[in-house]
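Just so you know, the protein sequences line up as chains H and F, in that order.
Counted from 1, the first sequence has number 153 at position 153 by the working numbering; the numbering is strictly sequential.
Counted from 1, the second sequence has number 184 at position 184 by the working numbering; the numbering is strictly sequential.
In short, the hints are calculated from the structure, not lab data.
Some clues are possibly wrong.
Here chain H is said to cover these stretches of chain F; the calculated rule only asks that three of the stretch's residues, wherever they fall, bring their Cβ under 8 Å from a Cβ of chain H [claimed, not checked]:
#1 5 to 15
#2 19 to 28
#3 95 to 107
#4 141 to 150
#5 164 to 174
For clarity, every value in this text was computed on a predicted model and none was experimentally measured.
Glycine included, every Cβ here is placed at the ideal spot set by N, Cα and C.
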Amino acid sequence: MGKGKPFLEIFASALHEDYRFPILEIFAFLYALGTFVFASFGPIMTQQTVSNESMAYNLTASLLGLPLFIFIIFIFKNVAYGLGSDLEKGIIQTYFSYPLKRRGILTAKLLSAIGVALVLFLTIQISALYVLAPDIISPYLGTVLLTYAANLSYPLLVAGIMLLVTLALKRGGLTIVIGIVLYFAMSIISSIAVFVASATNSPLALQIVSVISPNVVLARYYSMPFFNELWTPAFSDVLLHIGTSYTIVVFLFFFGYFYFSKRLGL
Amino acid sequence: MKRWIIILGRGGTVLLAIGLALLLVSLIPPAQIATFGRKTAIPPKWAQPSIERILTPQQGLRLTITADGILDIYILEVTSEVLYQWVTEDFLNVTDLEDFLEANPDVIGWHDIVRNGEIKHEYVPTKVTNTTLVFSNPGSEYVPVDVEVSITSLIAPGTKVRNLAQWVIPIGFVFSFPWLTQLLKEKKTR
């Protein structure tokens, strides 16, 4: 048996577990519906006040409320329950008998848990955005993708933490609670950071939060200058914060891989 | 069950779900947020900007125009200020408008001709844009015109989304059919 076949076997099995009929269909329905229902072009006073690039950002950001939360619940469920229950039931231990390295097994599981959900989420949302406003989305696809990158960084970071907790506890029930608490904690931390930044008259608190959740810096970059007296980030700052946050995400997943390969104790 | 039937089938059911969501979105009727009417007469060889508004892909214009004569009607994606920059006399004439449109053909959002009757149209832009309704009278007599405009608020461009749903749903059904039939057969044998 080649290396490809056991990988596909595990991947197919993970897909079957993570996306039981009709879970995938319900999520696809909600993503498509949510994109149109939540899309907003913001308050339009005169066209000159808002650039088309900012409009592309505002439009994309307007969608990232409930649909993003649905996506997060989806991947948290997949990481916590998908991997957690496989560890609990001993299915992972069975996979270890396959002629495949441990990192291959984890890749197959994560590709199903996060990769497929991410592709589905982005494909449906960007296609729906294109149907809604092609003349805004086509020329500013880079801005749209950057907005998604900034907003998905923190959920992926939490998913990385959840992966580590699931591997450490070898079950998923508690992990999903930790994930949801961490996700909501960020909105509280962001509010506190704004307050601290105003009180100290220093953008340091906002910059620290932006390293973990770079949508803060992106929102500041695209908001109107008079809202940004405290901190007006340049585009290079936006890229730096997004890059740093993804470095942390990659490190967490790398640590997860290391733990799964060497320290799992199975 | 063969794996390719499962993959195709699940792809099909996802398409069906997306199609149904699109159909649902297209069935939500647009809300009228404002309606206003205007009666005017367009002098011969005049082009007259009428109603001006900033629209988004979620805001459209529903027009009902009645004219006693031949009249060109345009929706242009510019402000009337831009049009008046092309004025060569004291007023915007048909030639000025034609010159402007020849130089900027991409600003024409919609164009039609009304000939002694009524015309109805619903216009939704594909970006956030200024829009100006312009009447152009190429004839040699005054043309009385009655305009009724409603500004509508919509979730998505209905016709476009409905057309998309009409494609996506059958494709999804065709893809998922073999999987669904096999699934039913398996359930019966159990």
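Coverage of the stretch 164 to 174 of chain F by chain H (three or more Cβ within 8 Å): Our answer is that it is violated, as 1 residues pass the Cβ test (under 8 Å) against chain H, missing three.
Are there at least three residues in the stretch 5 to 15 of chain F whose beta carbon sits under 8 Å from a beta carbon of chain H? It holds, with 3 qualifying residues against the three required.
Count the residues of the stretch 95 to 107 of chain F whose Cβ falls closer than 8 Å to any Cβ of chain H, and tell me whether that reaches three. This one is violated; 0 residues, fewer than the three required, reach chain H with a Cβ under 8 Å.
If you count the residues of the stretch 19 to 28 of chain F with a beta-carbon closer than 8 Å to a beta-carbon of chain H, do you get 3 or more? holds (count 5)
Residue count check for the stretch 141 to 150 of chain F against chain H: does it reach three with CB-CB under 8 Å? violated (count 0)
The structure fails hints 3, 4, 5 (numbered hints given earlier, in ascending order).
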